[in-house]
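There are 2 protein chains.
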Amino acid sequence: MNRKLIIPDIVVGRLPRYLQALQRLQKRAVQTTSSKELGDILGISAAQIRKDLSQFGEFGKQGTGYSVPFLIDRLEDILKLKHDWDIALVGVGDLGHAIIRYQGFSNRGFCVSMAFDNDPEKIGTSINGLIVENIQNMPARIQEAQVKIAMLTVPAAFAQQVAEDLVKAGVTAILNYAPLVLSLPKHVQVEYIDPIISLQHMTYYLE
Amino acid sequence: MNRKLIIPDIVVGRLPRYLQALQRLQKRAVQTTSSKELGDILGISAAQIRKDLSQFGEFGKQGTGYSVPFLIDRLEDILKLKHDWDIALVGVGDLGHAIIRYQGFSNRGFCVSMAFDNDPEKIGTSINGLIVENIQNMPARIQEAQVKIAMLTVPAAFAQQVAEDLVKAGVTAILNYAPLVLSLPKHVQVEYIDPIISLQHMTYYLE
Chain A
1 MNRKLIIPDI VVGRLPRYLQ ALQRLQKRAV QTTSSKELGD ILGISAAQIR KDLSQFGEFG
61 KQGTGYSVPF LIDRLEDILK LKHDWDIALV GVGDLGHAII RYQGFSNRGF CVSMAFDNDP
121 EKIGTSINGL IVENIQNMPA RIQEAQVKIA MLTVPAAFAQ QVAEDLVKAG VTAILNYAPL
181 VLSLPKHVQV EYIDPIISLQ HMTYYLE
Chain B
1001 MNRKLIIPDI VVGRLPRYLQ ALQRLQKRAV QTTSSKELGD ILGISAAQIR KDLSQFGEFG
1061 KQGTGYSVPF LIDRLEDILK LKHDWDIALV GVGDLGHAII RYQGFSNRGF CVSMAFDNDP
1121 EKIGTSINGL IVENIQNMPA RIQEAQVKIA MLTVPAAFAQ QVAEDLVKAG VTAILNYAPL
1181 VLSLPKHVQV EYIDPIISLQ HMTYYLE
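First to last, the protein sequences are chains A and B.
Take the first sequence: its position 87, counting from 1, is numbered 87 in this note's numbering, and each next residue is one higher.
For this note's numbering, count along the second sequence from 1 and bump the result up by 1000.
None of these hints come from the bench; they were simulated from the model.
One or more hints might be untrue.
Just some of the chain A residues that point at chain B, by a computed CB distance under 8 Å [said to hold, decoys possible]:
1) 16
2) 17
3) 41
4) 72
5) 80
6) 95
7) 148
8) 180
9) 181
10) 199
11) 202
12) 205
Bear in mind the structure is a predicted one, so any value in this text is a computation, not a measurement.
Virtual Cβ for every residue (Gly too), placed ideally from N, Cα, C.
All chains should be built: construct the whole structure from the sequences, respecting the hints.
Quick look at the structure:
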């Protein structure tokens, strides 16, 4: 039996938040924490956190709480963050540019190691030491380096085609910034970042 | 009885996606759709979509489907998108800069109408016609213009303090790009955009 099949995706989606909270505690040299403390940081109930973590094993003892370094170690293991993942970024517009220059990936498990665009003015330029490559070379470069994760920051009109090319080259996880839903084979993970969707969610509650 | 209290937030969170799919259909001049077609576009089951929409009233007839313009109208009304919302952006780094230059807000209900920073080199400069203002003037400017929504693109170390200042000035919805959870009064809506959290969610499923 594949154990993974029985962990609901919504639980998996909360694990990175737990890890983030734990890493912040570790920065402050906190050694032990509780589901209550984590819950206060994250705005999630302590019961929910205990229930989520219990799906992956016994991580803490009643009354003594969780060891911060131990729980970080376990979550990094579960989320496969024990080594850095290379990321191919496609589309070096304003947003792609900002992402390449962002310093926050390297200490959280990721490295933007390739960037592609179709604009001759951008190809060959360097951003934070990363050379923008011709998108025509993308499939071969990704296949060769066995990159599994891509960030898609191309205009919406190109996103579906580029995503299909990425998948053909072996990519199995795409973080899509283009404001549309991609239609891809089931084995491909897709996550969406669309500020408008988040804003429209909030306006529902505004007066 | 406040009807809103009984609609689960997870349902509300899917409405912007339905609206996005409908707007794409409208662009292609599609007049009528079905929960099956919407579900195929969004990767959500038709039954889920029917159940979600039924919480807000009768929007379609069995067998004839949904009128695209009518459903767009209803969703814009429910999500309070009948008028554009002004947004105050705080932190004009690479990401803030990219957001100000992004063209996709205006036709989806939002307008970045103020931008603030504390860097003297940035204050007074113009990005796409928007003048970057001194963050010291932020509370007065927001209060005066009665801006309710802010985008937070400051470094993590400043995010909590700036968020508290925004709330004091009357902001009740914050889209937070800083990689930490904000601790704010309950009446304030907060949504988070953190690419690392999304990436770590996907690596769980990678081999």
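Now for the hints, and whether the structure bears them out:
1. 16: 4 Å, holds
2. 17: With a closest approach of 6 Å, the residue 17 (chain A) hint holds.
3. 41: Nearest chain B Cβ about 6 Å off; hint holds.
4. 72: 12 Å, violated
5. 80: 5 Å, holds
6. 95: OK, holds: residue 95 (chain A) within 8 Å of chain B, min 5 Å.
7. 148: Since the shortest Cβ distance to chain B is 6 Å, the answer is holds.
8. 180: Constraint on residue 180 (chain A) satisfied, holds at 7 Å.
9. 181: Residue 181 (chain A) check passes; min Cβ-Cβ to chain B is 5 Å, inside 8 Å.
10. 199: 6 Å, holds
11. 202: Nearest chain B Cβ about 4 Å off; hint holds.
12. 205: For residue 205 (chain A), the interface hint holds, since the closest Cβ of chain B sits about 5 Å away, which is under 8 Å.
Violation of the numbered hints given earlier is confined to hint 4; every other hint is satisfied by the structure.
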